[in-house]
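Asker: Protein sequences appear in the order of chains A and B.
With my numbering, letter number 229 in the first sequence gets 230, and the count goes up by one each step, no holes.
With my numbering, letter number 289 in the second sequence gets 471, and the count goes up by one each step, no holes.
Honestly, I wouldn't trust all of these hints.
If you only want the chain A side, here are some residues facing chain B, beta carbon under 10 Å, derived [stated by the list, open to error]:
| id | residue |
| --- | --- |
| 1 | A519 |
| 2 | S552 |
| 3 | Q556 |
DSS-like mimics (lysine-lysine), calculated; alpha carbons at most 27 Å apart, straight line [stated by the list, open to error]:
| id | chain 1 | residue 1 | chain 2 | residue 2 |
| --- | --- | --- | --- | --- |
| 4 | B | K260 | B | K237 |
| 5 | B | K357 | A | K305 |
| 6 | B | K403 | B | K305 |
| 7 | B | K263 | A | K186 |
| 8 | A | K503 | A | K186 |
| 9 | A | K217 | A | K69 |
| 10 | A | K565 | B | K237 |
| 11 | B | K457 | A | K314 |
| 12 | A | K314 | A | K250 |
| 13 | B | K237 | A | K186 |
| 14 | A | K167 | A | K250 |
| 15 | B | K404 | B | K305 |
| 16 | A | K314 | B | K357 |
| 17 | A | K167 | A | K186 |
| 18 | B | K263 | B | K492 |
| 19 | B | K457 | B | K260 |
| 20 | A | K69 | A | K95 |
| 21 | B | K260 | A | K565 |
| 22 | A | K305 | A | K217 |
| 23 | A | K314 | A | K217 |
| 24 | A | K250 | A | K186 |
Hints listed in this document are in silico derivations from the structure and should not be mistaken for laboratory results.
By construction, the Cβ of each residue, glycine as well, lies at the ideal position given by its N, Cα and C atoms.
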Amino acid sequence: MKKKLLSVLLACCMTLSLAACGSGSSDSGTSDSGSAGTETQTEAADTTEQASGDEAADPTNGEVVDGKFTETRKITVEVYDRGNDGGSDPTNNKYTQYIKDNMLEQHNVEVEFIAVPRWTEVEQINNLLAAGDAPDICVTYDYATIQTYANMGGVLDLSSYVDDYKDLLPNMWNWLGETNIYWDKDPSTGQLWAIEGKLAVSNRINTFVRRDWLEKLNLEAPTTRQEFEDMLVAFRDNAELLLGADADKMVPFSMSYDVGWRAALLIESFIDPDVSDYEYYVNGFDDRKLTQNGTKEAVQLLNKWYNDGLIWKDFALYGSGDTTEDDMMKAGYVGAFMHNWDYPYRNGEDSIQTNLERLVGEDAAYIAVDCFEDSKGTHNKFVNGSVGDRKIFFPSTNDEPLASMMYLDFISSPEVIEYLQIGDEGVTHNKLDDGAVEIVAATGDDIQNSGFNIDYTITCNGLHLTDEEMTIKSTAHSYSGIDTELIEAANTICNTDTRANKNVNVGAIASEEGMGTALSSKRDIILDTAVTASVDSFEQIWDDGMADYLSSGGQAIMDERAEKWNATYGDTQQLPE
Amino acid sequence: MKASKKKASTVQKKTNLRVYMRRYWQLYVLLLLPMIYLIVFKYVPMVYIQIAFKKYSIVESVWTMPWADNHGFEYFIKAFKNRDFINALRNTLVLNLLDLVIGFPAPIIFALILNELVFKKFKRVVQTIAYMPHFLSWVIIYGLALQIFAPSTGFINMILSNLGLNTVPFLNDSKHWVATYIFLGVWQSFGWNSIVYLAAIAGINSELYEAASVDGAGRFKKMWHITLPGIKPTIVVLLVMNLGNILGSSFDRPFALQNNLVMNVAEVISTFVYKNGIKGLQFSLTTAVGFFQSIICVIFLLLANWVSRKLGERGIW
Numbered sequence: 002m003k004k005k006l007l008s009v010l011l012a013c014c015m016t017l018s019l020a021a022c023g024s025g026s027s028d029s030g031t032s033d034s035g036s037a038g039t040e041t042q043t044e045a046a047d048t049t050e051q052a053s054g055d056e057a058a059d060p061t062n063g064e065v066v067d068g069k070f071t072e073t074r075k076i077t078v079e080v081y082d083r084g085n086d087g088g089s090d091p092t093n094n095k096y097t098q099y100i101k102d103n104m105l106e107q108h109n110v111e112v113e114f115i116a117v118p119r120w121t122e123v124e125q126i127n128n129l130l131a132a133g134d135a136p137d138i139c140v141t142y143d144y145a146t147i148q149t150y151a152n153m154g155g156v157l158d159l160s161s162y163v164d165d166y167k168d169l170l171p172n173m174w175n176w177l178g179e180t181n182i183y184w185d186k187d188p189s190t191g192q193l194w195a196i197e198g199k200l201a202v203s204n205r206i207n208t209f210v211r212r213d214w215l216e217k218l219n220l221e222a223p224t225t226r227q228e229f230e231d232m233l234v235a236f237r238d239n240a241e242l243l244l245g246a247d248a249d250k251m252v253p254f255s256m257s258y259d260v261g262w263r264a265a266l267l268i269e270s271f272i273d274p275d276v277s278d279y280e281y282y283v284n285g286f287d288d289r290k291l292t293q294n295g296t297k298e299a300v301q302l303l304n305k306w307y308n309d310g311l312i313w314k315d316f317a318l319y320g321s322g323d324t325t326e327d328d329m330m331k332a333g334y335v336g337a338f339m340h341n342w343d344y345p346y347r348n349g350e351d352s353i354q355t356n357l358e359r360l361v362g363e364d365a366a367y368i369a370v371d372c373f374e375d376s377k378g379t380h381n382k383f384v385n386g387s388v389g390d391r392k393i394f395f396p397s398t399n400d401e402p403l404a405s406m407m408y409l410d411f412i413s414s415p416e417v418i419e420y421l422q423i424g425d426e427g428v429t430h431n432k433l434d435d436g437a438v439e440i441v442a443a444t445g446d447d448i449q450n451s452g453f454n455i456d457y458t459i460t461c462n463g464l465h466l467t468d469e470e471m472t473i474k475s476t477a478h479s480y481s482g483i484d485t486e487l488i489e490a491a492n493t494i495c496n497t498d499t500r501a502n503k504n505v506n507v508g509a510i511a512s513e514e515g516m517g518t519a520l521s522s523k524r525d526i527i528l529d530t531a532v533t534a535s536v537d538s539f540e541q542i543w544d545d546g547m548a549d550y551l552s553s554g555g556q557a558i559m560d561e562r563a564e565k566w567n568a569t570y571g572d573t574q575q576l577p578e
Numbered sequence: 183m184k185a186s187k188k189k190a191s192t193v194q195k196k197t198n199l200r201v202y203m204r205r206y207w208q209l210y211v212l213l214l215l216p217m218i219y220l221i222v223f224k225y226v227p228m229v230y231i232q233i234a235f236k237k238y239s240i241v242e243s244v245w246t247m248p249w250a251d252n253h254g255f256e257y258f259i260k261a262f263k264n265r266d267f268i269n270a271l272r273n274t275l276v277l278n279l280l281d282l283v284i285g286f287p288a289p290i291i292f293a294l295i296l297n298e299l300v301f302k303k304f305k306r307v308v309q310t311i312a313y314m315p316h317f318l319s320w321v322i323i324y325g326l327a328l329q330i331f332a333p334s335t336g337f338i339n340m341i342l343s344n345l346g347l348n349t350v351p352f353l354n355d356s357k358h359w360v361a362t363y364i365f366l367g368v369w370q371s372f373g374w375n376s377i378v379y380l381a382a383i384a385g386i387n388s389e390l391y392e393a394a395s396v397d398g399a400g401r402f403k404k405m406w407h408i409t410l411p412g413i414k415p416t417i418v419v420l421l422v423m424n425l426g427n428i429l430g431s432s433f434d435r436p437f438a439l440q441n442n443l444v445m446n447v448a449e450v451i452s453t454f455v456y457k458n459g460i461k462g463l464q465f466s467l468t469t470a471v472g473f474f475q476s477i478i479c480v481i482f483l484l485l486a487n488w489v490s491r492k493l494g495e496r497g498i499w
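The following block holds chain A by itself, in its conformation from the complex (with noise of 0.2 Å):
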């Protein structure tokens, strides 16, 4: 008798669990948030018919009163986990109560934060949209995900909210301007996917070498492409001198396998300065210039270096985020590199360049160098300006395009964007006599899981304090433990002669949808296999896989592009200033 109660009690079990399961995947089916999608643009239509048609009535329907939603409504906004030694939990931490707890004061808005993964988000991305279960705020560095998803109908537009709600949105527009916010509008359709997150800093990358060696072997900080490639060499020949027991383990130059962005200045320096503007928008889909002219020969002196035995010969084994490279640096090993302009002083305790003083010396030190010349023998430094940055855009599951809206002008006003940046006085930041802030090493809750909480601050990457005057003062004091004099140096050299993007928008190339990882995968194997070659079969390699490359889309996104600058600008070469 009690076994069959048993099985009978089981049988119910499973049959309840099964109802459960469908009910609950045909509630968050794919067709139900399609009607969600199409549901809010109906809702803007009507909004903005009636914003158009008596221009005093509230665009809101009264459903905010003095900024604040009548009614509490709930959003949920992406931010990434990055994963980092100590760090707090990037979805619950006192940061993201400050936010919570200001929204909710403010605007009646519940805020809840969806992690997403650093260096896989565009994969994380792609399925919490593909599930319906996307955030209703989402960041992506990567435009090519927003565009193709907006061609399936999964993203909201956007131009409706940014114009019918402006007075609603003072702070974004304050701090994100017409430029940033309309950046990405088609011309011809008007629609607006995503808005760009604005650059504080448009520094972008430097070339770091060890200054304790330069010295011991006296030399020189390099000045030309010569210069660093003869210190390359002096390393190597002097690795007993510089390592001592550990000569075998001298690395000259290390990159990683994305050598389009771990080589940028040198590949750059070998684009002709004078390149057209329509020829560098036909090549630029690849954003480490594959196909610009010049890369070829920078790739074949990598190639040399390579052979040579200046570069890392592991470089390309490790994958994104791997930190055997990180380690190399901190340990002493590695000579020279380029990386983000400030790079080895980031994470506080945690730094290149802390770990070098404390396991190699006192006065072991990576600083910045400016050597690679370009043809007119200055420099050529490609910088994004304001926009290329992190990209803003709603998936059209989000029902709270007002809501959502407001969040971002909550987390652009000045005051917010200072705090989540320095966090306390006396805990995440100390001010100085000249007023200018000095960042702290945090620990526990305090800790800031990204450099100045930029995961948090969405619309705003680099520091922006309400005072712009404190703020310059203050960028070489925000790195703790860190020579103020090698943060100084730095920011000068990546901000000589450098050359900001200009806004090319002649609307969606259809050839490029779906293409951007394809393509960016056979780059890094283009040029790892081309550094790696010996040096009689780089032609070869570098052709067959060029071939392979244009073959495989490439060249009809080039062609796309051609034919939609024509149609756009017609014969000229340059964009009208």
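Following the hints, position chain B against chain A.
Answerer: The following block gives chain B in isolation, referenced to the frame of chain A:
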């Protein structure tokens, strides 16, 4: 159970079935759980195979998505025009074939050797050690492989270069990489896979060995004439299942082991699908590829099964 089945099929089917069910219904209720699992997680998702024939849209239901061009076969045509896919197809076949040729006999040989060991404790220790790698994730194995095989920091190459010898590009040259890939695969799985064979060997009647000894058979003769024939049905079943998987590909092993320098031989279908589908958002294309892969696998399985039955073995059905 067999007896009652037979009974039910002879006379008075209805009443017998009722009697049978009254007696055994609990067993069927217990069977429900795995059945439900299979239906929910293996059969219901098959609805989405349609994506291969439709233009994928994130917001539409799979039933309302528009059909792809060329009578729905647009993405299959695209796949076969895609050099990367053809390349991945070739690599999958080559790597799996090598795995089969080298990896399949390894556990059989290991089981045979282990079976000959007299000292029980030693046998158990060896067995346990051989199982261990099976429980390591491929990511960890790649970490180990880097420590041992990396060109400049790898343990073996450091020894070689200290001895003044040329280093071996285990991981960064296509041919060497394939060898490393196969070697690591065999290393990881031979111990675990030998369990089945050891169990089969244990089931062989020991009188056969005694009789053979009396007839003067040596160790190898016994192995060849008794042990191997004794486990032949097991070998055939596993071979059929392996052949069925000749175009299948695990994801974690190639994904963890591959790097950009050897991608021409390391990209397999599963990683191609991951990169182009999940990362590259080409869901229809990669579903088509996955569907094609499944069909080929089923064909191979049926074929291998048919051949083995023709040869007088049991097969898996």
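Asker: Determine for every hint whether it applies to the structure shown.
Answerer: Here is how each hint holds up against the structure:
For A519 (chain A), the interface hint holds, since its Cβ comes within 10 Å of a Cβ in chain B; the closest pair sits about 5 Å apart. With a least beta-carbon distance of about 8 Å to chain B, the hint placing S552 (chain A) at the interface is held under the 10 Å criterion. Checking Q556 (chain A) against chain B by beta carbon gives a least distance of about 14 Å; that is not within 10 Å, so the hint is violated. Of the pairs offered as hints, the one joining K260 (chain B) and K237 (chain B) holds, with about 13 Å between alpha carbons and a cut-off of 27 Å not exceeded.
Between K357 (chain B) and K305 (chain A), the direct Cα distance comes to roughly 24 Å. Compliance with the 27 Å bound is thereby established for this hinted pair. For the proposed pair K403 (chain B) and K305 (chain B), the alpha carbon gap of about 22 Å is at most 27 Å, so the pair holds. Proximity of K263 (chain B) to K186 (chain A) is assessed by CA-CA distance (about 34 Å); at most 27 Å being required, the pair is judged violated. Taking the CA atoms of K503 (chain A) and K186 (chain A), the gap is near 15 Å; set against the 27 Å cutoff, the hint holds.
With a C-alpha separation of about 64 Å, the suggested pairing of K217 (chain A) with K69 (chain A) is violated against the 27 Å cut-off. Note on K565 (chain A) and K237 (chain B): the hinted pairing holds, with a Cα-Cα distance of about 25 Å set against a maximum of 27 Å. A distance of roughly 26 Å separates the Cα atoms of K457 (chain B) and K314 (chain A); the hinted pair therefore holds under the 27 Å criterion. At most 27 Å may separate the alpha-carbon atoms for a hinted pair to count; K314 (chain A) and K250 (chain A) meet this at roughly 11 Å.
This hinted pair checks out: K237 (chain B) and K186 (chain A) have alpha carbons roughly 26 Å apart, not beyond 27 Å. Proposed proximity of K167 (chain A) and K250 (chain A) is contradicted: the alpha carbons are some 58 Å apart, above 27 Å. Of the supplied pair hints, the one linking K404 (chain B) and K305 (chain B) holds, its CA atoms being roughly 19 Å apart against a limit of 27 Å. Simply put, K314 (chain A) and K357 (chain B) have alpha-carbon atoms about 18 Å apart, close enough for the 27 Å limit, and the pair holds.
With a C-alpha separation of about 16 Å, the suggested pair K167 (chain A) and K186 (chain A) falls inside the 27 Å cut-off, and the hint holds. A distance of roughly 37 Å separates the Cα atoms of K263 (chain B) and K492 (chain B); the hinted pair therefore is violated under the 27 Å criterion. The hinted pair formed by K457 (chain B) and K260 (chain B) meets the criterion: a straight-line CA distance of about 16 Å does not exceed 27 Å. Proximity of K69 (chain A) to K95 (chain A) is assessed by CA-CA distance (about 24 Å); at most 27 Å being required, the pair is judged to hold.
Using a Cα cut-off of 27 Å, the hinted pair K260 (chain B) and K565 (chain A) holds, with the two alpha carbons roughly 25 Å apart. Pair hint K305 (chain A) plus K217 (chain A) holds up; C-alpha atoms about 26 Å apart against a cutoff of 27 Å. Taking the CA atoms of K314 (chain A) and K217 (chain A), the gap is about 25 Å. The hint holds against a cut of 27 Å. With a CA separation close to 51 Å, the supplied pair K250 (chain A) and K186 (chain A) exceeds the 27 Å bound.
In terms of the numbered hints stated before, the structure departs from hints 3, 7, 9, 14, 18, 24, listed from lowest to highest.
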